[in-house]
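Could you put together the complete structure from these sequences and hints?
Residues per chain are reported as follows:
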Amino acid sequence: MLNIKNLNVKLDDEDKQILKGVDLEIKGGEVHAIMGPNGSGKSTLSYVLSGKDGYEVTEGTATLEGIDLLEMEPEERAAAGLFLAFQYPVEIPGVGNMTFLRTAVNSQLKARGEEEMSAAEFLKVVRAKAKALKIDADMLKRPVNMGFSGGEKKRNEILQMAMLEPKMCILDETDSGLDVDAMKLVAEGVNALRSEGRGFLVITHYQRLLDHIKPDVVHIMADGRIVKSGGPELALEVENNGYADILAEVA
Amino acid sequence: MTALAEKTDPTEAMITAHSVTFSGWSKSAREDALMRLRKMGLPDRRDEYWKYTRPDSLTQATAPTAAIFQNDEPPLFGEMDRLKIVFVDGVFDAAASDDLALEGITIERLATAQSDLHWARDVYGVLESHGQSPVARPLAALNTALATDGVLIHVSRTPSKPINLIYTHNSDTSDAILHHCIKLDPGTEVTLLENGPAAARFNKVIEVEVGNTASFNHIRAQGRDHERRAATHIFGRLGTESEFKSFTLTVNGVMTRNEVVLELTGDDAKAHVAGACVGDGEFHHDDTVFITHDAVNCESRQVFKKVLRNGAVGVFQGKILVKADAQKTDGYQISQSLLLDEDSQFLAKPELEIYADDVICSHGSTSGAIDEDALFYLRARGISKGDATDLLTLSFLAEAVEEIEAETLKEEILERLTGWLARRRS
Ligand SMILES: Nc1ncnc2c1ncn2[C@@H]1O[C@H](COP(=O)(O)OP(=O)(O)OP(=O)(O)O)[C@@H](O)[C@H]1O
Ligand SMILES: [Mg+2]
Chain A
1 MLNIKNLNVK LDDEDKQILK GVDLEIKGGE VHAIMGPNGS GKSTLSYVLS
51 GKDGYEVTEG TATLEGIDLL EMEPEERAAA GLFLAFQYPV EIPGVGNMTF
101 LRTAVNSQLK ARGEEEMSAA EFLKVVRAKA KALKIDADML KRPVNMGFSG
151 GEKKRNEILQ MAMLEPKMCI LDETDSGLDV DAMKLVAEGV NALRSEGRGF
201 LVITHYQRLL DHIKPDVVHI MADGRIVKSG GPELALEVEN NGYADILAEV
251 A
Chain B
1 MTALAEKTDP TEAMITAHSV TFSGWSKSAR EDALMRLRKM GLPDRRDEYW
51 KYTRPDSLTQ ATAPTAAIFQ NDEPPLFGEM DRLKIVFVDG VFDAAASDDL
101 ALEGITIERL ATAQSDLHWA RDVYGVLESH GQSPVARPLA ALNTALATDG
151 VLIHVSRTPS KPINLIYTHN SDTSDAILHH CIKLDPGTEV TLLENGPAAA
201 RFNKVIEVEV GNTASFNHIR AQGRDHERRA ATHIFGRLGT ESEFKSFTLT
251 VNGVMTRNEV VLELTGDDAK AHVAGACVGD GEFHHDDTVF ITHDAVNCES
301 RQVFKKVLRN GAVGVFQGKI LVKADAQKTD GYQISQSLLL DEDSQFLAKP
351 ELEIYADDVI CSHGSTSGAI DEDALFYLRA RGISKGDATD LLTLSFLAEA
401 VEEIEAETLK EEILERLTGW LARRRS
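Line order of the protein sequences matches chains A and B. In this text, residue positions in the first sequence follow our numbering: the first is 1, and each later residue adds one. In this text, residue positions in the second sequence follow our numbering: the first is 1, and each later residue adds one.
Quick caveat, the hints were computed from the structure, so don't treat them as lab data. Warning: the hint list may mix true and false statements.
[Claimed, not checked] To spell it out: a stretch of chain A is covered by chain B in this simulated footprint if at least three of its residues, at any positions, have a beta carbon under 8 Å from a beta carbon of chain B; those stretches are:
1) 48–62
2) 71–81
3) 92–101
4) 107–116
[To be verified] From chain B, some residues computed to sit far from chain A (all C-beta separations above 10 Å):
5) 49
6) 108
7) 121
8) 217
9) 241
10) 301
11) 328
12) 364
13) 419
14) 422
Ideal Cβ placement from N, Cα and C applies to all residues, glycine included.
Right, here's the structure in full:
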């Protein structure tokens, strides 16, 4: 599904290399987790995959189901099935959350040549999914993420994911800022979407989320590379001992 | 020598080009205005109040030509039950207008209102001349002196429907001067709708006397013609617990100067002035607002948003003057521009002048491009760059459009803005 080979990325306007040869393969139905120290390049990887400006790929490839992601516009990547739950969801004054969601869903349907959702149908679906995430009607009416608490913003990301039903979901620290109950809600939202044809890449600092969303593989990223991969026990090791041992071992 | 000097003087040239015969009840007001105009002279480039807007094309004796624009959109307010009054290039069109009769109000034309003791004597040129201090507004004095027509509306009871002034532009050299007076008796309400480009060049003054607890609601749209020019003034005087609300939509237009001059003279009055303008290329739009608080516990709001691209220019000069006795004043002023490229500019001069000590006044002015983070967020959800840009542009304009109370009118205005954006995509 998602194939990343020797991905090297530098900043556009600075001579600063951030990703230094990332290799990663995620198959349909799999959940991979990436952990790693602050500043190691985890968010950068997610931004480069989703097409944010400001980065230059100097080497390597990234494909989704064989299609070259790096050549596409961000909206084309989204329509192709890539989804990023942002580490810092953006507040957009003046754009209603509902309008935003509906425009997004219909833009993707249209781009894929499918029929757009009617207003009534959309409303029905969004209400049901919002309810499951305990997002109330008022939050749907407000401008996108405006005045949302940290946890509400993260839940709103998951709602978008649930509405868009992407093939490949990247979650960048969706657990940070969540209370215990909200974390469960988010995990349930993710687990409900787990299926054969869908892959997940979960970026997190904490083992806790991985108790709820069981990963198949855990990767450790440091200084722009994946330095170690293993099973769920790797996350426990990080939780207990930090990164020092792992980094020393691979150095 | 004198004759020669007069001939080359732009003020005299303008007066000569627009001479009208003074008679009847408005004669003395017109004479007075003419005298004032001669004394102050038309504005020129050195005039501080015209620092950001070149007055030349508004002050030259004849109007620069303006091609007529074929507007393919259905007319604004077309679905509403309203009383239509049509002017074509500044000339009243009786056939296209409704009967000037509506229960609760009297409507007369300035050109034909004859009675010697006309109520409008207390308004015509009175609010305008009062509004000449502390800043001179020569184009308004010119208007009072030389207006060819207009409507005089006296509201003694709240009418059942809005009054819609429709200004059609049919000649590429027309130079129209219209002057309207509106008087709202205490406790009455009226909605005035205005739409259309009016003429190649349009000089318009509205004077509004809002009686105690009365409410004046004004929505205007200045047409879609690219080459038309307009210099407009609204002078308003607000009584106790009265309300004044005005919203202006400007789409295109090579030159627009909209001045609003309000005085809150009765306690607990409210004045809201808002505008949304969108310009592309040859577009210069100037909102100049002067609000004087001269009573206790009054509220005023100014909300202006401008979307500019391809070298379009937006200007905002807004002032809140709070006199010493105007305690508990609540004044708010915001002017913002969204620059869609680096060629466009926004020039703003927000001013507060406060002599009372117990007031809340805030003002802000910003100028910026589309928020890149927001744009990426929308695109990452599958919304195309064009759609995302339009969505953000409309959301930028929303705060001004939100000032319109009536939901249907708000939607109509939003539709026009959406249409403008859509046309720029195809
Ligand atoms: N646009 C940018 N300008 C300057 N530096 C940048 C930019 N984007 C990323 N960086 C730098 O690249 C490095 C990796 O950042 P990134 O956000 O990918 O880290 P991260 O692994 O997500 O960290 P965290 O765990 O704190 O979220 C950091 O040193 C960061 O400062
Ligand atoms: Mg990060």
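Now the hints, each set against the structure:
1. Given as covered by chain B, the segment 48–62 of chain A passes the check, having 4 residues with a CB less than 8 Å from a CB of that chain where 3 are the minimum.
2. A count of 6 residues in the segment 71–81 of chain A with a Cβ less than 8 Å from any Cβ of chain B is obtained; the coverage claim is therefore met, three being the minimum.
3. For a cut-off of 8 Å, the count of residues in the segment 92–101 of chain A with a CB near a CB of chain B stands at 6, and the three-residue condition holds.
4. For the segment 107–116 of chain A, the stated coverage by chain B is satisfied: 3 residues place a CB nearer than 8 Å to a CB of that chain, which reaches the threshold of 3.
5. Distance to chain A confirms residue 49(B) as a non-interface residue, since its nearest Cβ pair spans about 32 Å, more than 10 Å.
6. Listed as outside the interface, residue 108(B) is consistent with that label: its C-beta sits roughly 43 Å from the nearest C-beta of chain A, beyond the 10 Å cut-off.
7. At roughly 46 Å from the closest C-beta of chain A, the C-beta of residue 121(B) stays outside 10 Å, upholding its exclusion from the interface.
8. The Cβ of residue 217(B) lies farther than 10 Å from every Cβ of chain A, with a closest approach of about 24 Å, so its non-interface assignment holds.
9. Annotated as non-interface, residue 241(B) keeps its C-beta farther than 10 Å from every C-beta of chain A; the closest such distance is 32 Å.
10. With 10 Å as the threshold on Cβ separation, the claim that residue 301(B) sits away from chain A holds: the shortest Cβ distance comes to roughly 18 Å.
11. For residue 328(B), the non-interface assignment is confirmed: its Cβ lies about 29 Å from the closest Cβ of chain A, beyond the 10 Å cut-off.
12. Residue-level check passed: residue 364(B) sits 14 Å from the nearest beta carbon of chain A, beyond 10 Å.
13. With 10 Å as the threshold on Cβ separation, the claim that residue 419(B) sits away from chain A holds: the shortest Cβ distance comes to roughly 17 Å.
14. The claim that residue 422(B) lies off the interface holds: its Cβ sits roughly 14 Å from the closest Cβ of chain A, which is beyond the 10 Å cut-off.
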